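Chain order of the listed sequences is A and B. Going by my numbering, the first sequence opens with residue 80, and the numbers climb by one from there. Going by my numbering, the second sequence opens with residue 80, and the numbers climb by one from there.
Check each hint, because a few of them may be wrong.
Note: identical chains are not told apart, hence a pair may lie in one copy or across any two.
Only pairs whose alpha carbons sit at most 20 Å apart, straight line, appear in this in silico PhoX-like list of lysine-lysine [claimed, not checked]:
no., residue 1, residue 2
1, K507, K285
2, K94, K512
3, K94, K628
4, K538, K285
5, K538, K195
6, K452, K538
7, K360, K452
8, K628, K458
9, K538, K458
10, K285, K452
11, K512, K628
12, K593, K452
13, K94, K538
14, K285, K327
15, K452, K512
16, K94, K285
17, K360, K94
18, K327, K360
Because the hints were derived from the structure by calculation, they are not lab data. Bear in mind the structure is a predicted one, so any value in this text is a computation, not a measurement.
2 protein chains.
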Amino acid sequence: GRVVRAPRGAERACKSWLTEAAYRMIQNNLDPDVAENPQHLVVYGGIGRAARNWECFDRILETLRNLEDDETLLVQSGKPVGVFRTHADAPRVLLANSNLVPKWANWEHFNELDRKGLFMYGQMTAGSWIYIGSQGIVQGTFETFVEAGRQHYNGDWGGRWILTAGLGGMGGAQPLAATLAGAVSLNIECQQASIDFRLRTRYLDKQARDLDEALDMVRHHCERREAVSIGLLGNAAEILPALVERAKAGGMRPDLVTDQTSAHDLINGYLPAGWSVEEWKAAQQDPARHAALRDAAAVSCAAHVRAMLDFHAMGIPTVDYGNNIRQVAYDTGVRNAFAFPGFVPAYIRPMFCEGKGPFRWVALSGDPEDIYKTDARIKELFPHNRHVHRWLDMARDRIAFQGLPARICWLGLGERHIAGLAFNEMVKNGELKAPVVIGRDHLDTGSVASPNRETEAMKDGSDAVSDWPLLNALLNTAGGATWVSLHHGGGVGMGYSQHAGMVIVADGSEAAAKRLARVLVNDAGSGVMRHADAGYESAAACAQRNGLKLPMMK
Amino acid sequence: GRVVRAPRGAERACKSWLTEAAYRMIQNNLDPDVAENPQHLVVYGGIGRAARNWECFDRILETLRNLEDDETLLVQSGKPVGVFRTHADAPRVLLANSNLVPKWANWEHFNELDRKGLFMYGQMTAGSWIYIGSQGIVQGTFETFVEAGRQHYNGDWGGRWILTAGLGGMGGAQPLAATLAGAVSLNIECQQASIDFRLRTRYLDKQARDLDEALDMVRHHCERREAVSIGLLGNAAEILPALVERAKAGGMRPDLVTDQTSAHDLINGYLPAGWSVEEWKAAQQDPARHAALRDAAAVSCAAHVRAMLDFHAMGIPTVDYGNNIRQVAYDTGVRNAFAFPGFVPAYIRPMFCEGKGPFRWVALSGDPEDIYKTDARIKELFPHNRHVHRWLDMARDRIAFQGLPARICWLGLGERHIAGLAFNEMVKNGELKAPVVIGRDHLDTGSVASPNRETEAMKDGSDAVSDWPLLNALLNTAGGATWVSLHHGGGVGMGYSQHAGMVIVADGSEAAAKRLARVLVNDAGSGVMRHADAGYESAAACAQRNGLKLPMMK
Ligand SMILES: NC(=O)c1ccc[n+]([C@@H]2O[C@H](COP(=O)([O-])OP(=O)(O)OC[C@H]3O[C@@H](n4cnc5c(N)ncnc54)[C@H](O)[C@@H]3O)[C@@H](O)[C@H]2O)c1
Ligand SMILES: NC(=O)c1ccc[n+]([C@@H]2O[C@H](COP(=O)([O-])OP(=O)(O)OC[C@H]3O[C@@H](n4cnc5c(N)ncnc54)[C@H](O)[C@@H]3O)[C@@H](O)[C@H]2O)c1
Numbered sequence: 080g081r082v083v084r085a086p087r088g089a090e091r092a093c094k095s096w097l098t099e100a101a102y103r104m105i106q107n108n109l110d111p112d113v114a115e116n117p118q119h120l121v122v123y124g125g126i127g128r129a130a131r132n133w134e135c136f137d138r139i140l141e142t143l144r145n146l147e148d149d150e151t152l153l154v155q156s157g158k159p160v161g162v163f164r165t166h167a168d169a170p171r172v173l174l175a176n177s178n179l180v181p182k183w184a185n186w187e188h189f190n191e192l193d194r195k196g197l198f199m200y201g202q203m204t205a206g207s208w209i210y211i212g213s214q215g216i217v218q219g220t221f222e223t224f225v226e227a228g229r230q231h232y233n234g235d236w237g238g239r240w241i242l243t244a245g246l247g248g249m250g251g252a253q254p255l256a257a258t259l260a261g262a263v264s265l266n267i268e269c270q271q272a273s274i275d276f277r278l279r280t281r282y283l284d285k286q287a288r289d290l291d292e293a294l295d296m297v298r299h300h301c302e303r304r305e306a307v308s309i310g311l312l313g314n315a316a317e318i319l320p321a322l323v324e325r326a327k328a329g330g331m332r333p334d335l336v337t338d339q340t341s342a343h344d345l346i347n348g349y350l351p352a353g354w355s356v357e358e359w360k361a362a363q364q365d366p367a368r369h370a371a372l373r374d375a376a377a378v379s380c381a382a383h384v385r386a387m388l389d390f391h392a393m394g395i396p397t398v399d400y401g402n403n404i405r406q407v408a409y410d411t412g413v414r415n416a417f418a419f420p421g422f423v424p425a426y427i428r429p430m431f432c433e434g435k436g437p438f439r440w441v442a443l444s445g446d447p448e449d450i451y452k453t454d455a456r457i458k459e460l461f462p463h464n465r466h467v468h469r470w471l472d473m474a475r476d477r478i479a480f481q482g483l484p485a486r487i488c489w490l491g492l493g494e495r496h497i498a499g500l501a502f503n504e505m506v507k508n509g510e511l512k513a514p515v516v517i518g519r520d521h522l523d524t525g526s527v528a529s530p531n532r533e534t535e536a537m538k539d540g541s542d543a544v545s546d547w548p549l550l551n552a553l554l555n556t557a558g559g560a561t562w563v564s565l566h567h568g569g570g571v572g573m574g575y576s577q578h579a580g581m582v583i584v585a586d587g588s589e590a591a592a593k594r595l596a597r598v599l600v601n602d603a604g605s606g607v608m609r610h611a612d613a614g615y616e617s618a619a620a621c622a623q624r625n626g627l628k629l630p631m632m633k
Numbered sequence: 080g081r082v083v084r085a086p087r088g089a090e091r092a093c094k095s096w097l098t099e100a101a102y103r104m105i106q107n108n109l110d111p112d113v114a115e116n117p118q119h120l121v122v123y124g125g126i127g128r129a130a131r132n133w134e135c136f137d138r139i140l141e142t143l144r145n146l147e148d149d150e151t152l153l154v155q156s157g158k159p160v161g162v163f164r165t166h167a168d169a170p171r172v173l174l175a176n177s178n179l180v181p182k183w184a185n186w187e188h189f190n191e192l193d194r195k196g197l198f199m200y201g202q203m204t205a206g207s208w209i210y211i212g213s214q215g216i217v218q219g220t221f222e223t224f225v226e227a228g229r230q231h232y233n234g235d236w237g238g239r240w241i242l243t244a245g246l247g248g249m250g251g252a253q254p255l256a257a258t259l260a261g262a263v264s265l266n267i268e269c270q271q272a273s274i275d276f277r278l279r280t281r282y283l284d285k286q287a288r289d290l291d292e293a294l295d296m297v298r299h300h301c302e303r304r305e306a307v308s309i310g311l312l313g314n315a316a317e318i319l320p321a322l323v324e325r326a327k328a329g330g331m332r333p334d335l336v337t338d339q340t341s342a343h344d345l346i347n348g349y350l351p352a353g354w355s356v357e358e359w360k361a362a363q364q365d366p367a368r369h370a371a372l373r374d375a376a377a378v379s380c381a382a383h384v385r386a387m388l389d390f391h392a393m394g395i396p397t398v399d400y401g402n403n404i405r406q407v408a409y410d411t412g413v414r415n416a417f418a419f420p421g422f423v424p425a426y427i428r429p430m431f432c433e434g435k436g437p438f439r440w441v442a443l444s445g446d447p448e449d450i451y452k453t454d455a456r457i458k459e460l461f462p463h464n465r466h467v468h469r470w471l472d473m474a475r476d477r478i479a480f481q482g483l484p485a486r487i488c489w490l491g492l493g494e495r496h497i498a499g500l501a502f503n504e505m506v507k508n509g510e511l512k513a514p515v516v517i518g519r520d521h522l523d524t525g526s527v528a529s530p531n532r533e534t535e536a537m538k539d540g541s542d543a544v545s546d547w548p549l550l551n552a553l554l555n556t557a558g559g560a561t562w563v564s565l566h567h568g569g570g571v572g573m574g575y576s577q578h579a580g581m582v583i584v585a586d587g588s589e590a591a592a593k594r595l596a597r598v599l600v601n602d603a604g605s606g607v608m609r610h611a612d613a614g615y616e617s618a619a620a621c622a623q624r625n626g627l628k629l630p631m632m633k
């Protein structure tokens, strides 16, 4: 097996730090400590890949090594297809992954193209080279749980528990996020390997032998107000209905129900009830059995959602965590599948209205000290933001770096460029050992249209309008981000989303400072603009506070 | 009624010629000599608009007047939504029109958003401000008919006739294109006003009273080898089946059959058989009758396509001219609707492989002499290209300018930037009275994914992959085009296409020369790249000849 790790240190293989950053980050995405299945170039999220195949990967690296300061590499679904002359302030890489003309935007057509070697699933940060392992998702999930606690339990998770499933690339963050938010959690996962991985990396505290023991543990820790996370091996499509039965019979009731199995991908992401993991893996490899697998998985998702609906009907806060499971259930006949909301309208949108989202940065030096220094700098820059301080302290304490050291921190419009410029200054001054690369998830304020998730239930009904992420990508290209990507189908699968990525390098130069000042304002600003346009008053107020020019809002 | 015309002359209302160009071109799109229904901001193609409404239009003009050289205006489906700081080499305007997340990419959802005032149909060059009236389409249709004549009739249309329908914004170019190519043509159109307009502008030579007279005229002019165009008032869904009956009974047979009714838009574009034009217009205005109208139009399209299939079965060359009529018929039960090809794989793709497509330019001075000077310059630059010389001579002779004087001419990779740089030089030298704006249709080599039209039957089966137009838009933004647009649904309707526009100003400056040298190479180059990637040998050869860097093609 081939092992890829990003180079470390201050020596470059490429002609500039802009190209070196892309060169390291694509490799970092495939680091065995970062990626889920690096042998198959799979980074996370089912089949989200960093490059179409190894030949394409090697050619991308080679092209980056030779790329000039006025050239731009085009990557089409993980394949390096062209190098064109642009200029120093233009992006060095432009990527488009998994995009299909709408009428053909389904998994059948995706698979047909994929089998022919013509395509790749980019997910969000897999194909756009800014995945940083579970930390990214820990922070998002933490923000979500904190906000849920604020809304439902007066900000206090003490003695309460969260029921969820899926301990994969992203879902594995749930137990730690619940703990950081102060809640007990019960986490159902059908693969022992995924549980083991989370125990090993301290994201999960313990594993129960069976459902009875799991509930005993939940009761035990709730009584003591200990924020302990508990794993349980099993199939959510079987265990959730069992828990509903017990609750109906007067048993324990969770205080929040959600789910992070990969229901968005019915071939690779959701184990049908009654199937062994071995049968499941075999069927994934055999196209002839895909139809049967897909049907069985959909039926199980429907049972899973029916159980979630039952909890919802009992008055328990229940949210879809962006894996499209309600749509799958709806398509399988569960008419009221959308009775419970997605996590975005429920808990995230108020943050998006202020341009807040999964801002992150990576130390290209490979030295953890560089990140600790940026942590300290953020605290200095935002001395009154107690939430950010609390997060940074917990993150340093509890989160192991995977691959290149990285940090995530939900900053908003008016904050991100201050952070970016400060980091650039630290690179310039030699405080940091090498440049820093700054990016974000596609799940961000201005960069995604995904009606079952990020843009569910927009105030004006513009959920499905994808002009916004396209404008975001064009604007970041115009502003001079280092690489910009446009993807389709991330998170919720083919047909259900369009979204854009942005990464920018702080190499300590004056030119980089100018680009950072533009791009980090515009990127968050375009999200505030999008929400102001949809009628959110907090976004309009944020736009005004930050001096955004919105021509129709005078 | 409000009358809009682009300002002329060398005085600017805006701060630079880059913004002035956008300022003039959006107004030119709504010039009563250019637009089909300027009162409703409709430029062409059914409901393709230049701005969402008059308030948005006014605010776009105001914003352009004030836009600085380092600012970029964002336009979302015809609404000016934001102004952000970029830099001098970035586009001054970025537009996204009619884009919808695939699962919601249908006319029902479009109409819902449109009714709420949240959306606009951009077609191709309507919402991206580079429509130049019928000349653009005359050239494209001329190229198509010439190529058909070459393939089927040894390059000689003498004594042969073309049967078609639709004399609207684009379809009205057919009679003139047929004449220029040397063929007799019979053109069916259901609205007398459309026929009158084409008679008045000399695109159509005469009108027949009825089908019998029309066929007599066709016979008469074919016998004399006179390339005369004949209009006939009526419904194609009734007249084509009648012509099939006559042909089967030994009557006259056309030598090419095609159609340019607006079948891609079943509410506004296709008159159902048996309906009067008045009933049709009334139903268009009444949402309650849309379902019935749509159904009736679809049934008529099916009858229309069945007649085309009958001609095809007789061995007569028959092509879909990009209006989605085969898909409509297929959806209405005509199983073999796709038995005849689209015009792109039949006649256009070989040109796309060389980066050739609808390159065009407009004299911002408003002076026709500026265009005649550029015509002469093109002839000097490409002295051996007899086809281009023939076209330029005929165009000057037969095509009346509409709005600002403009010229179109299908140039390819390696040619476009030579033309653009020459024009920039002419502006600099004062040979031209004002700057020139250079653009193209979205229907071009690298800028469109449209599986029923421009990318039908690609060699590798990548028809529906829309990574390519997205990369094209990102690349042109990176290179410094003056405005860049991303649209959905042009030509073939919601769900069926994604495409990108590009316009760049030659203002005579050194900076413009650098941008032109990049953008006009990259734009055509990305089309050659896309076709080379799909396995077209002529594209691979063209890439090599022009020194394109295609990393996987070594
Ligand atoms: N921000 C967001 O909107 C957001 C955040 C996190 C996750 N998600 C979504 O959540 C899903 C999970 O993401 P991931 O990266 O962790 O995916 P993943 O494929 O890495 O992990 C899924 C996990 O679920 C387990 N699983 C599958 N079927 C199961 C079943 N029936 N019972 C119990 N466990 C089962 C798998 O074994 C695997 O470990 C995706 O759909 C993703 O898009 C969305
Ligand atoms: N490059 C291309 O692919 C290309 C080029 C030209 C046109 N087209 C397509 O052709 C269509 C026409 O374009 P347009 O801009 O001329 O549209 P348009 O709406 O301006 O004109 C359509 C014309 O067809 C007439 N018409 C409608 N129903 C009819 C019927 N049943 N019988 C006879 N006439 C009828 C209308 O009266 C109108 O004049 C569009 O779908 C367009 O996308 C494609």
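Going through the hints against the structure:
For the identical chains of this complex, K507 and K285 are neighbours neither inside a copy (45 Å) nor across copies (75 Å), given an alpha-carbon limit of 20 Å. With identical chains, the CA atoms of K94 and K512 are at most 20 Å apart within one copy only, with a shortest distance of 18 Å there and 44 Å across copies. With identical chains, the CA atoms of K94 and K628 are at most 20 Å apart between copies only, with a shortest distance of 18 Å across copies and 37 Å within one. Proximity of K538 and K285 under a CA criterion of 20 Å is satisfied in neither setting, with 42 Å inside one chain copy and 55 Å between copies.
For the identical chains of this complex, K538 and K195 are inter-copy neighbours only, at 12 Å across copies versus 42 Å inside a copy, given an alpha-carbon limit of 20 Å. In the homo-oligomer, the alpha carbons of K452 and K538 never lie at most 20 Å apart, since the shortest distance is 41 Å inside one protomer and 54 Å across protomers. For the identical chains of this complex, K360 and K452 are neighbours neither inside a copy (44 Å) nor across copies (68 Å), given an alpha-carbon limit of 20 Å. Proximity of K628 and K458 under a CA criterion of 20 Å is satisfied in neither setting, with 30 Å inside one chain copy and 46 Å between copies.
Within a single copy, K538 and K458 get their C-alpha atoms no closer than 34 Å, and across copies no closer than 56 Å, so neither meets the 20 Å cut-off. In this homomeric assembly, K285 and K452 never come within 20 Å of each other (Cα to Cα): the closest approach is 33 Å inside a single copy and 81 Å across copies. In this assembly of identical chains, the alpha carbons of K512 and K628 never lie at most 20 Å apart, being 38 Å within a copy and 34 Å across copies at closest. With identical chains, the CA atoms of K593 and K452 are never at most 20 Å apart, being 23 Å at best within one copy and 42 Å at best between copies.
With identical chains, the CA atoms of K94 and K538 are never at most 20 Å apart, being 47 Å at best within one copy and 37 Å at best between copies. In this assembly of identical chains, the alpha carbons of K285 and K327 never lie at most 20 Å apart, being 27 Å within a copy and 81 Å across copies at closest. Only within a single protomer do K452 and K512 lie at most 20 Å apart by alpha-carbon distance; the minimum there is 11 Å, versus 59 Å between protomers. Taking the shortest alpha-carbon separations for K94 and K285, neither the intra-copy value of 48 Å nor the inter-copy value of 66 Å comes in at or below 20 Å.
For the identical chains of this complex, K360 and K94 are neighbours neither inside a copy (43 Å) nor across copies (63 Å), given an alpha-carbon limit of 20 Å. Within a single copy, K327 and K360 get their C-alpha atoms no closer than 35 Å, and across copies no closer than 59 Å, so neither meets the 20 Å cut-off.
Of the numbered hints stated above, those contradicted by the structure are hints 1, 4, 6, 7, 8, 9, 10, 11, 12, 13, 14, 16, 17 and 18, listed in ascending order.
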